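Asks: Here the structure of chain A is known, so what remains is to put chain B in place on it, guided by the hints.
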Amino acid sequence: MQFLEWIKQPWPWYVAGPLIGLVVPLLLIMGNKSFGVSSSLRHICAACIPANIPFFKYNWRKETWNLFFVTGILLGAIIATQWLNSGKPIVVNPKLVNELQQYNIHNYSSIVPIDLFNWPALLTLRGFILLVGGGFLVGFGTRYAGGCTSGHAIMGLSNLQWPSLVATCCFMIGGFITANLILPAILHL
Amino acid sequence: METKDVITQPTIAKETNTDFEVRSLDTICINESRIEHTWWHSLKYLIAGLLFGILLVKAEVISWFRIQEMFRLQSFHMYGVIGSAVVTGIISVGLIKKFKIKTIYGEPIDLHPKQFNKGQIYGGLLFGAGWAMTGACPGPLYALIGTGATVIIVTLLSAIAGTWVYGSLREKLPH
Numbered sequence: 001m002q003f004l005e006w007i008k009q010p011w012p013w014y015v016a017g018p019l020i021g022l023v024v025p026l027l028l029i030m031g032n033k034s035f036g037v038s039s040s041l042r043h044i045c046a047a048c049i050p051a052n053i054p055f056f057k058y059n060w061r062k063e064t065w066n067l068f069f070v071t072g073i074l075l076g077a078i079i080a081t082q083w084l085n086s087g088k089p090i091v092v093n094p095k096l097v098n099e100l101q102q103y104n105i106h107n108y109s110s111i112v113p114i115d116l117f118n119w120p121a122l123l124t125l126r127g128f129i130l131l132v133g134g135g136f137l138v139g140f141g142t143r144y145a146g147g148c149t150s151g152h153a154i155m156g157l158s159n160l161q162w163p164s165l166v167a168t169c170c171f172m173i174g175g176f177i178t179a180n181l182i183l184p185a186i187l188h189l
Numbered sequence: 190m191e192t193k194d195v196i197t198q199p200t201i202a203k204e205t206n207t208d209f210e211v212r213s214l215d216t217i218c219i220n221e222s223r224i225e226h227t228w229w230h231s232l233k234y235l236i237a238g239l240l241f242g243i244l245l246v247k248a249e250v251i252s253w254f255r256i257q258e259m260f261r262l263q264s265f266h267m268y269g270v271i272g273s274a275v276v277t278g279i280i281s282v283g284l285i286k287k288f289k290i291k292t293i294y295g296e297p298i299d300l301h302p303k304q305f306n307k308g309q310i311y312g313g314l315l316f317g318a319g320w321a322m323t324g325a326c327p328g329p330l331y332a333l334i335g336t337g338a339t340v341i342i343v344t345l346l347s348a349i350a351g352t353w354v355y356g357s358l359r360e361k362l363p364h
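Note that the protein sequences, when read in sequence, are chains A and B.
Our numbering applies: residue 1 is where the first sequence begins, and numbers increase by one.
Our numbering applies: residue 190 is where the second sequence begins, and numbers increase by one.
Isolated chain A (complex conformation) (with noise of 0.2 Å):
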């Protein structure tokens, strides 16, 4: 059962990198599908609340495998966790346990941060923040941009389009800038 012990362990990234590279392939041959996972948000807006609004009106039923794809994602992410999980605390590098620290997060059992991420933490100002704020601005920066890290990143560069490349620039851009600069004000909260 050594494999079973193996695939327990966190995987290393040239193990999976190459793995999540092959769902590209996997969906145009399953049927023409470009990887992309922002545009499920904009399917169920036209589903539920279209408003008629332009941009969401036009016949979602012939995108629903996008929302199987996101069921599934879903689905696989508890059979991970509930079969494939070493049950070990994460491993994150002592400079950043060490700056967290003040943040008053401590606890590393989970992959997500228990002590920002909870139910009651979205009664604080911080959590409200980061799991509201930080979500609306998903939502709306991926529809923006035209795609998210799966659909500019992996699936636009791995067609060579540049206007891709300029979105995962900018991406990080934003990234650098917020986890840097502006997420440790948040966090002093």
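In case anyone wonders, no lab produced these hints; they're calculated from the structure.
Some clues are possibly wrong.
Per label pair, the in silico range of CB-to-CB distance [said to hold, decoys possible]:
no.	chain 1	residue 1	chain 2	residue 2	range
1	A	S109	B	K286	43 to 53 Å
2	B	K361	A	S109	23 to 33 Å
3	A	Q9	B	I236	43 to 53 Å
4	A	L189	B	G269	26 to 36 Å
5	B	E360	A	I7	44 to 54 Å
6	A	A47	B	G283	14 to 24 Å
7	A	K95	B	H230	28 to 38 Å
8	A	L189	B	H230	40 to 50 Å
Model, not experiment: these values are computed from the prediction.
For each residue, glycine too, the CB sits at the ideal point set by N, CA and C.
Replies: Below, chain B without anything else, positioned relative to chain A:
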């Protein structure tokens, strides 16, 4: 590009009654199969998503900690994952084009490159900020809920709200 697409896909342009520029911002509604499928054909995408979800969790790319390490240049992991995924993707798409590989239904695979607009800059920067704050892009939002972090349901709903607000403000935003 637009004319070419209109010529190859005339029916869709009429049916959806949405101007083409709107739709070509995304890849959605473009890759259209002419074959009518029953719903259970979509289950294969559920399986693909399932495998992708396992990968996201096991590679720890959905971890807020890994994202913070990435944006602080404290770990190579995220760069390794995204970089090797892109290289694999480039090789795969190149092979598909070179050998004109078809789908399992025998249809030719066509790719629709996204056109440049300023939204990729403004939206990209905003999404980057959201990524650093939540530690998640859209795929990981679904995965995080699956790991048991149920509070991320609120973040997902907020992301849907963000998409909706973008849709309603779209005409007023620079593109």
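Asks: It remains to establish, for every hint, whether it holds in the given structure.
Replies: Structure-based check of each hint:
Judged by the Cβ atoms, the range 43 to 53 Å given for A/S109 and B/K286 holds: they are separated by roughly 46 Å. For the pair B/K361 and A/S109, the beta carbons lie near 45 Å from each other, so the given range of 23 to 33 Å is not met. Our hint of 43 to 53 Å for A/Q9 and B/I236 is violated, since their Cβ atoms are close to 24 Å apart. Checked against the hint of 26 to 36 Å, the pair A/L189 and B/G269 passes, with Cβ atoms roughly 33 Å apart.
Against the hinted window of 44 to 54 Å, the Cβ-Cβ separation of B/E360 and A/I7 comes to about 49 Å, which satisfies the hint. Distance hint for A/A47 and B/G283: a CB-CB separation of about 35 Å, inconsistent with the stated range 14 to 24 Å. A hinted range of 28 to 38 Å is violated for the C-beta pair A/K95 and B/H230, which are about 49 Å apart. For A/L189 paired with B/H230, a C-beta distance near 49 Å keeps the hint of 40 to 50 Å intact.
Comparing the model with each earlier hint shows violations of hints 2, 3, 6 and 7; every other hint is respected.
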